[in-house]
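Protein sequence lines, in the order shown, are assigned to chains V and R.
Be aware that the first sequence starts at 1, since it is given in this note's numbering, and climbs by one per residue.
Be aware that the second sequence starts at 1, since it is given in this note's numbering, and climbs by one per residue.
If you are wondering where the hints come from, they were derived from the structure by calculation, not from laboratory data.
This one's a predicted model, so the numbers in the text were calculated from it and none came from an experiment.
Fair warning: there could be bad hints in the mix.
Said to hold, decoys possible - Over the 10 Å line for every Cβ pair with chain V, so calculated as not near, a few chain R residues:
1) A72
2) D105
3) K143
4) G207
5) H293
6) R336
Claimed, not checked - Capping the alpha-carbon separation at 27 Å, the derived lysine-lysine pairs in DSS-like fashion look like this:
7) K426(V) to K78(V)
8) K432(R) to K289(V)
9) K322(V) to K328(R)
10) K335(V) to K283(R)
11) K322(V) to K406(R)
12) K260(V) to K406(R)
Even glycine gets a Cβ: it sits at the ideal position worked out from N, Cα and C.
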Amino acid sequence: MGNQNINGTKGITKASALAGMAVAGASVNMASGQGTDRVRIGLIGCGGRGTGAVGDAMKADPTVTIYGVADLFESQAKRAAGRFAQRYKDRCKIKPDTIFSGFDAYRKLAAMDLDYIVMATPPVFRPYHLRACIEAGKSVFMEKPVAVDPAGARSVIESGRLAAEKGLCITCGTQRRHASNYMSTIEQIHQGAIGELVGGQCYWNGGGIWYRGVEEGQTELEWQCHNWYHWNWLSGDQLVEQHVHNIDVLNWCFGGPPAKLLGMGGRLTRDYSQQARAAAIKLNGDDKKTDLYQGDIFCHVGTEMTYPNGARVLSMGRHAPKSTGRVNERIVGTKGYSNCCNSIVDWKGEKIWSFEGRHTGGRTEEHQVLIEGMKNKKPVNEARRIAESTLTAIGCRMSAYTGREISWDWLLNSSKLEYLPPELEKQLKPGPGIFHEVAVPGQTKLI
Amino acid sequence: MANESKVKRHVGQQSRRDFLKTSALSAGAVVLAGASLPSAYAAGSDTIKVGVIGCGGRGTGAAKDCLKANPAGVQIWAMGDLFKDRLGRSHAGLSKNFTDKTQFDVPGDRQFTGWDSYKQVIASGVDMIITATPPGFRPMVLKAAIDAGKHVFMEKPVATDPAGIRSIIESSSNAEAKKLAIVAGTQRRHQGRYVETIKRIHDGMIGELVSGQCYWNQGLLWVHKRKPEYSDMEWQVRNWLYFTWLSGDHICEQHVHNIDVVNWAFDSMPSLAYGMGGRAARKSPDCGNIYDHFCIEFEYANKARTISMCRQTDKASHRVGERVVGTKGYTDFRGRIFDHKGNELWKYEGPNTNPYVAEHADLVASIRSGKPLNEGKRVAESTLTAIAGRMSAYTGRAMKLDWALKSSKLDLVPKKLAFGPLEVRPVSKPGKTQLV
Numbered sequence: 001m002g003n004q005n006i007n008g009t010k011g012i013t014k015a016s017a018l019a020g021m022a023v024a025g026a027s028v029n030m031a032s033g034q035g036t037d038r039v040r041i042g043l044i045g046c047g048g049r050g051t052g053a054v055g056d057a058m059k060a061d062p063t064v065t066i067y068g069v070a071d072l073f074e075s076q077a078k079r080a081a082g083r084f085a086q087r088y089k090d091r092c093k094i095k096p097d098t099i100f101s102g103f104d105a106y107r108k109l110a111a112m113d114l115d116y117i118v119m120a121t122p123p124v125f126r127p128y129h130l131r132a133c134i135e136a137g138k139s140v141f142m143e144k145p146v147a148v149d150p151a152g153a154r155s156v157i158e159s160g161r162l163a164a165e166k167g168l169c170i171t172c173g174t175q176r177r178h179a180s181n182y183m184s185t186i187e188q189i190h191q192g193a194i195g196e197l198v199g200g201q202c203y204w205n206g207g208g209i210w211y212r213g214v215e216e217g218q219t220e221l222e223w224q225c226h227n228w229y230h231w232n233w234l235s236g237d238q239l240v241e242q243h244v245h246n247i248d249v250l251n252w253c254f255g256g257p258p259a260k261l262l263g264m265g266g267r268l269t270r271d272y273s274q275q276a277r278a279a280a281i282k283l284n285g286d287d288k289k290t291d292l293y294q295g296d297i298f299c300h301v302g303t304e305m306t307y308p309n310g311a312r313v314l315s316m317g318r319h320a321p322k323s324t325g326r327v328n329e330r331i332v333g334t335k336g337y338s339n340c341c342n343s344i345v346d347w348k349g350e351k352i353w354s355f356e357g358r359h360t361g362g363r364t365e366e367h368q369v370l371i372e373g374m375k376n377k378k379p380v381n382e383a384r385r386i387a388e389s390t391l392t393a394i395g396c397r398m399s400a401y402t403g404r405e406i407s408w409d410w411l412l413n414s415s416k417l418e419y420l421p422p423e424l425e426k427q428l429k430p431g432p433g434i435f436h437e438v439a440v441p442g443q444t445k446l447i
Numbered sequence: 001m002a003n004e005s006k007v008k009r010h011v012g013q014q015s016r017r018d019f020l021k022t023s024a025l026s027a028g029a030v031v032l033a034g035a036s037l038p039s040a041y042a043a044g045s046d047t048i049k050v051g052v053i054g055c056g057g058r059g060t061g062a063a064k065d066c067l068k069a070n071p072a073g074v075q076i077w078a079m080g081d082l083f084k085d086r087l088g089r090s091h092a093g094l095s096k097n098f099t100d101k102t103q104f105d106v107p108g109d110r111q112f113t114g115w116d117s118y119k120q121v122i123a124s125g126v127d128m129i130i131t132a133t134p135p136g137f138r139p140m141v142l143k144a145a146i147d148a149g150k151h152v153f154m155e156k157p158v159a160t161d162p163a164g165i166r167s168i169i170e171s172s173s174n175a176e177a178k179k180l181a182i183v184a185g186t187q188r189r190h191q192g193r194y195v196e197t198i199k200r201i202h203d204g205m206i207g208e209l210v211s212g213q214c215y216w217n218q219g220l221l222w223v224h225k226r227k228p229e230y231s232d233m234e235w236q237v238r239n240w241l242y243f244t245w246l247s248g249d250h251i252c253e254q255h256v257h258n259i260d261v262v263n264w265a266f267d268s269m270p271s272l273a274y275g276m277g278g279r280a281a282r283k284s285p286d287c288g289n290i291y292d293h294f295c296i297e298f299e300y301a302n303k304a305r306t307i308s309m310c311r312q313t314d315k316a317s318h319r320v321g322e323r324v325v326g327t328k329g330y331t332d333f334r335g336r337i338f339d340h341k342g343n344e345l346w347k348y349e350g351p352n353t354n355p356y357v358a359e360h361a362d363l364v365a366s367i368r369s370g371k372p373l374n375e376g377k378r379v380a381e382s383t384l385t386a387i388a389g390r391m392s393a394y395t396g397r398a399m400k401l402d403w404a405l406k407s408s409k410l411d412l413v414p415k416k417l418a419f420g421p422l423e424v425r426p427v428s429k430p431g432k433t434q435l436v
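One chain only, chain R, in its complex shape (with noise of 0.2 Å):
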């Protein structure tokens, strides 16, 4: 199945996002010839100057989809990392990639470093950033960019805690005033097959939404081990996913996706989260402080309730999709919309896009035609959504999205960001952890 191979991909940690074709663009991607540049970007060229922000495996490869994308117009001018080395290895993949400069062009004294290292890309001249660091330093990024009035492709999840959520979505709104681009890389949004069913499921051919599912099971990611010469932080910025405060836990830096589709179809954020979840299989202190597996219930305006969950762990049954359920019919997003009765409503006969590459088609178009994207506060939402779950499970209670969006005070990022000692928060409990 689609959904299946699609896991298997995700599992690799650089591979998932190679496979794709540069020919699947989207309708975007073409708008380029002949179309007046705005002036809020480029002065002098027509050109977007890019960087890069956060050079792992999704930096590396979103710079590729940028590129794939806009195979003209568009040039990587500068890179930043946290690691010289990572930085060193994802230079020498695009460099490899991409030979000719007016696509890829970063000498070394574009070339950033260090805590820094996202301020000094933001200001090398730059028109646009693609952001992929660990999520628990988006909303600073993200911040730094709009302030510096540049446009913006951030990965999913875009926080890891409400403060962060809170931050993203004050920037977002500093975007539009701006006029500055916002897209976000929950891909789902810029592929036809999905952009086409929920345009059916909103057009109300399923009826009312009563009921929805979404999942991401799947079996382990990459462990990096701790090394002797690492700080503390440095061994938990490397090794990101296991740690909440980096990664927001699985439930938000993977399961987000499917969060993301099912808000989409509701047209909105839950209004509750009740969850459980744990760590029945992870117990290697390689693997930080988060869970293995979630179990969500989201209760919808409409009081539609519905199941998300998802877990991490090996020789464990895998599923990754998403349902969403009607008074009329529904849909597991395969491309193909049902009755009750089990008939075919609707089939999608549209092209396979490539999303990871149409999102940056989407963006550089909308920069280009003056009417910037802006998907700061949506993504902000679902990744809400996603930490919502996750605060549920972890003190065992039920909670308002609203009040997690406007009272909570869980804010996990250290405020002094420096290698050094970090500790390392324990493992959350249900009525151990206090609810925030």
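Looking at chain V on its own, in the form it has when it is part of the complex (with noise of 0.2 Å):
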């Protein structure tokens, strides 16, 4: 006991870790070189799903203590760190100059003594984030979805390799793949259990969004960032940045990501005027920038998927007011059919299984995946399963803002989309905002 290690470095051992009681005669935590026997964490992106995977980790492993946060804003990293130390005592060890913000605070972040970094930023900046983060050696946890374009999910795949060849753990916010009852459910199909699958459907139809005003002191581009589900370059739109979860279950069912997508939407219901325009005033004196400043994503996107066994499945995202709300997964084969999470009918309507285990939620157990990863020395990797299935909601999306039939050979290997490319990335500074059109099916070209 007490020889194992985290990240490759001596630590503490799982016993230890669990109990949550220094261990006697063990030797330190070289990459902290301060004798600690915790897991040390650190945040990028301090908003509601940041706090909250912190506070899943805090959940998994008694010991897991936060070191470090950063936030593009000041005032939000400022606020986590407050929480943290009010909510976790002395498993916050965040001190003044362990808050960092502006674009760049992530590389400031990574370059602390950590186990493991958790991030949460909008999806475009993952692949920078990611990057950074194994570069410097850090195992991660990271939500999904993240990239927003194909050139983001071929980085987060080329990190996942670096992550593996320098034994570092990376696992991500699909909570599913780590749910006791989808686990359980989608074992049963890889058996057999409703034949070979020749069809399926997954949702991610709900109400609506939140839309952030100006806060005081922003720039446009760090107000556009604040605010940043309603732009496409920052979220990947709702189909990815939602939807991906039920897209990756189906993944998940036939073991890899489609081979083509044929999608079709639209931005119909989605109303900001008013926000839009208040926002306008307040950043510029007059309202000439309503229109832009409500958005650029679509409302809907309904694909299908076609696997390369042939199955053909439909996969729908929306936001709609008033609507038929409806997010799950439904995966079909040749003896029966499955809601992915508990229960197996045959074609009579019998139900043939059903899950009796105790429920995980899973977003506990992705951070005790990942703690467990490190200190057995056994990582585990997601990167390229989470790259894969960002990729399939992103191919999606491309399909309905061009109109056109995607092949993933194309999408993986071929697409140039991307939005924020290395150079910008670096130069990114308070000040302007970046805009795009709203997609035209016909007109916006594929590329």
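Two chains, two frames, a set of hints: combine them into the complex.
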């Protein structure tokens, strides 16, 4: 005991970590050089999901301790640090000089002595943040989605490869992959409970999303990042940002991404004219940019995804008021079908299997798996898988935006779409925003 | 691919059915000789006199198809259209093609125009009518024809709202009682390749049906721009594709073909429609209030869910066709059935009948044999399926087909049909458009 390592350096044992006690004679964690047996984490992106993910990490392992936070906005970083200190007491070791802000805050956090970094910034930044953390030798828990374009997805795959070489761990926030009910059900499906897979459906049809106004002192670009959901270059559109969860479940069932995508969609019901006008007046003193400030994402996308075995499945993502909501998945085989999460029914309507175990939500487990992987030196690495599911959703969106059918091979290997190239990312600073036209199928170019 | 060339054909306004060859007749066409004539039609004559109601491209085409299918014993006798210019153009074309008066004989006093023209055609001494007006008018015309005891060939779709569907079903039921024939222009139902494939599906070759897809994704169609002299009503009727009350939207107007095939395979309407759609590239007010894309999920009674996709967008990927998937295999209706390993289970080797002609041959043969075909209820159900998909997309609400059929109060066609002011309803939006 006491000789197992985190991130390839000497550190705590699984047993000691779970006990939450210092282990006598344990060698120190060399990564910190502080003689700690804690799992040291930092957070990039201090919004609701970031602070929530830190809470999940805290539940996952009693030795998890947070040492630093980074956010674009100083106020948000400080607010999160204050909340952590209050909530987690001595498991919060954030100091004034480990609260980082600005577009380059993540680099400073990545340079700290940490075991793993939690990242939950707007998706466009994920590939850059992941890369910096892996290069700095940190394991990573990252929220989904992990990119907004094929270039970003390729970068995540490459960082995943680099992490594997370095023995680092990466898990991500598609929590269904770590939820007991999903895991058991899909195991049944993989064992042939519903026969050959010949169809399926997945949906994230909900009501809508927040629209954030301009906060004091924000420039246009900073406000865009604050109100990130409404710009495709930041969020990847609803289809990528939310619906990736459901698409990921189907990819899981089929054992990989689809071969072909044919989608359609549009922007019909999103009306933020009042909020956008207020934002325009606050930022510019007039309302000329009202339309521009309404955002550029679609409100609905429906896509047919064809998997390599020829099965065609339906993906639907929508935000629309007063509409019928549906958020779930369904997989269809020659012998029956399943809701992917607790039930398998045959074509006579008889239930042939149901999940009887204890439900685990997956959000704590995705951190436990990461921590155990680090401790046991059996690195888990979900980078490629989540990059593929993210890219699947990106492909659905691109097909809907352009009206064109897309092949997986082209998407993965040849698409040149890149909203935030590295040279631009380096130069990001408070100032004018970045805007694109709302896509028009048949006119928006497929690149 | 065959389906793609079909799309191109449909893009041209009047060209789509002119490709047909008269030689491609179905077996039904040769039943004529020696058939005894039921008294239900043409008393004192063995000629079936036909009136054409709605003389646009499709009405003219259907008249041609009817004559090609029945080179003897069928005579176009009267014509009616709301617009004189459309009737004139159609009459000129048919006169040129059919110079034999025993086939085509429509003098000036049997050419009717205006809002009552359909009644005048029906009352002109015809045995059968061909109706190809904009779909919003179909229930009204069918009712008048069946009430007057006429056989009917009607183009698809057959209504634009549930009120119209109920009317079609009632008229079809009346036709049944009166032994009148109704054949609809969902011509795949008369196409050998489809008929034989469906037969095998129904015989169980691919097992129980568990999934399916159907598509009508293509480019833009014609637009009839407004002229200063047009009233609102005249412009809308001339430009009818783009107004939901007239066309039912393109999901109804075009895609009903493909939806009908999947319904046929399942041998029923779906039980649930859940859809989305919008107007993403179609911005011009010339294009009224219809959407440019729909993506609908239909769920059938056995819980199988199918995808329906349709789109009218230039420079977007095209796809027109159908596919059904069973527990033992699948087919895309191109003449072959496969198992799930990709082995061919069956191949269609029959003739490539021309379905646009065959449907008329089958219709006339059924009249002559005294066993009139009645496709009214069936095409009403497929039209309702498309309408329910549209209503679901317009309102954002999932919808039971049974509710749409029995309880929906949607009734879009104006009560007073006359030239004059007629507001264009706004483009539908989930959250704003009420489900009625």
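Q. Within a Cα-Cα threshold of 27 Å, do K335(V) and K283(R) meet the stated pairing?
A. This hinted pair is violated, its Cα atoms lying about 46 Å apart.
**Q.** K143(R) and chain V, when compared Cβ to Cβ, separated by more than 10 Å
**A.** Since the minimum Cβ distance to chain V is about 34 Å, K143(R) lies beyond 10 Å and the statement holds.
Q: Take a quick look at whether K260(V) and K406(R) sit within 27 Å of each other, Cα to Cα.
A: violated, 39 Å
Q) Does K322(V) pair with K328(R) here, judged by a C-alpha cut-off of 27 Å? A) violated, 40 Å
Q) Does the alpha-carbon distance linking K426(V) and K78(V) stay inside the 27 Å limit? A) holds, 24 Å
Q) Any Cβ of chain V at or closer than 10 Å to D105(R), or is the non-interface label fine? A) For D105(R), whose nearest Cβ neighbour in chain V is about 47 Å away, the distance exceeds 10 Å, so it holds.
Q | Holds or violated: K432(R) to K289(V), with C-alpha atoms at most 27 Å apart | A | holds, 26 Å
Q. Given the proposed pairing of K322(V) with K406(R), does the C-alpha separation stay at or below 27 Å?
A. With a Cα-Cα distance of about 23 Å, the restraint between K322(V) and K406(R) holds, given a limit of 27 Å.
Q | Least C-beta distance from A72(R) to chain V larger than 10 Å | A | holds, 47 Å
Q) Does H293(R) really sit off the interface, with its C-beta more than 10 Å from all C-beta atoms of chain V? A) Incorrect as stated: the minimum Cβ-Cβ distance to chain V is 4 Å, not above 10 Å.
Q | Non-interface claim for R336(R), where every Cβ of chain V lies beyond 10 Å | A | holds, 14 Å
Q: Check the non-interface label on G207(R): least C-beta distance to chain V beyond 10 Å or not.
A: violated, 8 Å
In this structure, the hints that do not hold are numbers 4, 5, 9, 10, 12, in rising order.
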